[in-house]
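K.L.:
Taken in sequence, the protein lines are chains H and C. The first sequence begins at 4 in our numbering and counts up one residue at a time. The second sequence begins at 4 in our numbering and counts up one residue at a time.
Bear in mind the hints are in silico, worked out from the structure with no lab data behind them. Don't take each hint at face value.
Because identical chains cannot be distinguished in the list, a pair is counted as satisfied if it fits within a single copy or across any two copies.
[Said to hold, decoys possible] Keeping only pairs whose Cα atoms sit at most 25 angstroms apart, straight-line, the calculated BS3-like set for lysine-lysine is:
1) K346 with K207
2) K207 with K348
3) K213 with K296
4) K346 with K78
5) K371 with K256
2 protein chains.
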Amino acid sequence: MVKRYSFGDVFQTDSIPVIPEAQTGAMPYMDVCESEMSLTYQMDPEDIVYGLGENVRGINKRGWIYESKCSDESKHLEDRRSLYAAHNFIVVDGRETFGLFIDYPGILTFDVGYTELSTLRITASDWNLDVYVIEGESAVEIIRTFRKLIGRSYIAPLWAFGNGQSRWGYVNAQDVRDVVRNHRENGIPLDMVYLDIDYMERFKDFTVNKERFPDFAEFVQEMKDQHIRLVPIIDAAVKEEKGYSVYDEGIEKGYFCTGADGKPFVGAVWPGRSLFTDMLNKEARDWFGDQYKVLLDQGIEGFWNDMNEPSIFYAEDRLADALASIADMRDGDQNLDLDAFTKFKNLVLDLSANPEDYKKFYHNVNGKRIRHDQVHNLYGYNMTRAAGEAFERLAPDKRILMFSRASCIGMHRYGGIWQGDNKSYWGHLLMNLKMMASLNMCGFLYTGADLGGFGSDTTEDLVMRWYALGIFTPLMRNHSEMGTRRQEVYRFTDLEGFKNIIGLRYKLLPYLYSEYMKAVLDDDLMFRPLAFDHPGDKRARTIEDQLYLGKELMIAPVYEQNARGRYVYLPERMKMLRFTRDGGMEETVLEKGDHYVEVPLSDVVFFLREGRLIPLSGGGQCVDDVDFENLAVVSFGENAEYEYYHDDGLSKDYENPVNRRVIRA
Amino acid sequence: MVKRYSFGDVFQTDSIPVIPEAQTGAMPYMDVCESEMSLTYQMDPEDIVYGLGENVRGINKRGWIYESKCSDESKHLEDRRSLYAAHNFIVVDGRETFGLFIDYPGILTFDVGYTELSTLRITASDWNLDVYVIEGESAVEIIRTFRKLIGRSYIAPLWAFGNGQSRWGYVNAQDVRDVVRNHRENGIPLDMVYLDIDYMERFKDFTVNKERFPDFAEFVQEMKDQHIRLVPIIDAAVKEEKGYSVYDEGIEKGYFCTGADGKPFVGAVWPGRSLFTDMLNKEARDWFGDQYKVLLDQGIEGFWNDMNEPSIFYAEDRLADALASIADMRDGDQNLDLDAFTKFKNLVLDLSANPEDYKKFYHNVNGKRIRHDQVHNLYGYNMTRAAGEAFERLAPDKRILMFSRASCIGMHRYGGIWQGDNKSYWGHLLMNLKMMASLNMCGFLYTGADLGGFGSDTTEDLVMRWYALGIFTPLMRNHSEMGTRRQEVYRFTDLEGFKNIIGLRYKLLPYLYSEYMKAVLDDDLMFRPLAFDHPGDKRARTIEDQLYLGKELMIAPVYEQNARGRYVYLPERMKMLRFTRDGGMEETVLEKGDHYVEVPLSDVVFFLREGRLIPLSGGGQCVDDVDFENLAVVSFGENAEYEYYHDDGLSKDYENPVNRRVIRA
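Same shape as in the complex, but just chain H (with noise of 0.2 angstroms):
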């Protein structure tokens, strides 16, 4: 059930696409202080806390406090309160279970137990929002309910289910050449290459470099006719340069963010100076996603949108500020101790992403000026939403890939998202495992992070590792900064054991896509916390490092280096399946309880309830190849059946009663 309580003069986010009556009772669960604008609950110490979707630190959320604030943060570390997104959405588990949902533009902070360990307590920056409170039976209920009022999740084409390789740095089509062959000779099942920052001309949205990709129609088919679909990026600021198309256009038609003095907003991105398209204006947004057809013309079939948070490396006003007071320090003492020094810094240090800066600007909402800063978790959403709506138009019996960097609840009825700017580290592979629950839980489906770890140096084992878990991740990148040791997967020393793991995703596709699009069509979750199966089992309920995919398998990636294996616990009697990298695999029937479970370098593991079955391809080098239709089957015990979902993945007859179908053992 579902309850909207409305605070002052709320702005229409589109989140909720059909918004229920309001209710004129008071609020259960919450104490609402308006006078702080605060909503508290006192918790219980066995309470769980789950959803806020792409943040740091655990499924369980308490212990810290989280700001929904979208940012460019690409130090995805335990002291910060924000990343890319605003995910207002929380379940509270145990005592009393509800949850709540904020629908609100602005910033948002949500002090889970950490100001005082038992105290959750929700801050606004000011008190014009709606609250909903969702109640239900359990957890997984009041998920469902939520995810229902928010409207179905993206869909992305079957083929977005494939391997892809990114790196930003392949600067040129001889590069992209050279992926896809390195990937093919050695038998790298691969169906995507991402084209980074580096393929547009002098980052122009919308361009190519024709120097480094002198016809990339003829490039994007030569890709195609190797099963390899290349996916741009877009970022979300536009160059400020005459002559060019997009800006020249959008400065015609008063499609950019203005100032205070009514003439458009200028901020520095990759490109330098650039505007920001006023997302939240219909007419811009509708402009903007138009835009995208230039490169669906060339054969694109799919993108991703970046620097959406947005992004702003500096208004111009600060750099010149910074500049003429550094220039002053030159004539001045040069003697300069902690304070001088630390302000110093600073002045170029504050320069990126200034809160101040998101207060300069504006949107025109309906005609209404809206300042930036009150608005600011909606501009991703709303690039997203842009190119979203855009193919409906263009292309609408087409499914075309999307996900987004930015985002808050809403634009996942648009797109996916990664999980951002990530680093090579450990601790990063575990975070991956544990935000697909919590992005589940907020309506992102299509989503995972950059395998092996977007920034930093990287190891082999740590990218072996990290594809073993990837492999069950809806989107399976590789993706690495430019500067970063390379890690395509052939540059590696154990070709064997890369293949074998990339090579069971293949294996794994007619039950991955099937449980995805399930999840999608039934408001469902594709990862679960292991505590919503098992909500009276006290050790399931603190289980951070293992996730339920589907109803039928449990997940449990080794995310510690030079370990041998890992400790698992087991809810209820269940198969271990083991593939190795010889090709084969074990079946091992686990008793409940705690297991310590061996897995060298290049094995998978992972488990499968009892009562089910999962169906097996025979693998393949790309999606093309997978043949979705003649399946193995693994089962665990006697009438194993599957709800097997297969469609041809690329149109939208989603409903259609023939893609659903019941496999048994």
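Using the hints, position chain C against chain H.
P.N.:
The following block gives chain C in isolation, referenced to the frame of chain H:
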């Protein structure tokens, strides 16, 4: 057995007091390549590589590349190659078992299977080095041989095993009084309050701010009357200020490092422009050591040496250049794209600890000018040696507390180290544990990490779990950075919980001090990986989150947020001791194997080995309170006995046989 192999013109580091004759034959184990200045070894998949003291990552160092380069590195993340120390000792344990110590003052790289999983490769910056190959029956025997070679580790006074409280931000006597009063009133034991840089007169070494501490000697006594020792910080760099006696005298006598032009080299640290005492010049070192007298004379009995990598915020010429370049930008094109903006930011970001600046100054070693970068790793060592040697002259019969941030092997004879400016991360709690073992191997026994975390905001549960480890480490100190959340334990909710945990430290003191002293006197490890005691136990060889403490105990702290317990592997039958919040103790015998052990937040759980006992005191509010003679015992098994070491904790009659006696159950 120790064999020395000598290459080139070796700088005398004094890391090893008595240098054995050099070998003439070929070096065993390692493939020596002079042209590449490297030593290489092909590792077996099952080999473990131990050592490297203060560094990130595991007890087993495989899978990363480490650089011995003392660095002011507050981000102890997985991708850091260096922290504050250069501990050039490793043990390869497996197919072949041997130790290696590289006696070398410059920058050295240990690629332990980073570039290629199975290759260990050590690379020097020039080919002037001594390589010690240490052989023995086992890793633990090799380490004992090495420890004997490098000389007896520094011995701290007994009172330094009490609980210490610190914060960058206790700015005056009243702040300190408040800290002490809050501990005493709440019954939380305390023995030391540390003074960070705020106590000094404008960050000038060996001064005390007269406004903040009007009569320092009297205040030191006031604290001592409450059984509290003040422990002030000493920085490496000396403020450039005419009329400041340390500066004036250093200049007059030529005791500071000089630039290429022979004039004193000026870098900046806390006070702004500063000079660096030439710690490698014996005369200058003696002079710097003598400066400690001014504080000893006021009743101070302990110090911590900081910023002695040495940390340099900026070199004056680089700052001037950066300011000039930035000033030019003001007049030029302020449209900075990715490249231009990165270049601009780096002008500022590259100011601090710039490797080129370490090539700009020189030491005077017996009349010979040596460029700093060639002997970089000796600086912190020789600063602490300056103090240690001075204490031998100034207070020969008394133990003075001394620990340092920077270090290399050799310094272990003059002081301990703290584990540097960590963060309030759960991951850093685990790193604290791992480093205890690695540091013990390298001779650093008086050590510990900043409990609760130095940088970033902490949480009550993190602080509590961290104390449950910290009560076992010789250096037990809660320290935090200015601007972070206050983290003195009395600021949190569960005072009873903290009282119980910190109280347990004082009950364990007889055992902990005894184990520390025996480890020092017998060149032994106080903290050991499990594998050292169970070389044939494959599981024990992979355990990275449990340690043996002495011959009696195994510790296994909880290091995950919201965990209610943890897995523990017992390589043999043990008795689990549980100390609960009510002051009670429970004893449970657990069989060899894997266990999931529940550990509520305020419990401390550890394990007693069979046939062993530990003594327990009745506790106390300070070390002076503790009765080290009338001891209870907890034992497991028949006929258990314990070799108990105790002395007066202040003087140096370590070898007196009355210090050791056998305690029986």
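K.L.:
Are the hints correct? Go through all of them and say.
P.N.:
Taking the hints in turn, this is what the structure says about them:
no.	hint	in the structure
1	K346 with K207	between (34 angstroms within a copy, 21 angstroms between copies)
2	K207 with K348	between (31 angstroms within a copy, 23 angstroms between copies)
3	K213 with K296	within (18 angstroms within a copy, 72 angstroms between copies)
4	K346 with K78	both (23 angstroms within a copy, 21 angstroms between copies)
5	K371 with K256	within (17 angstroms within a copy, 73 angstroms between copies)
In terms of the numbered hints stated before, the structure departs from none.
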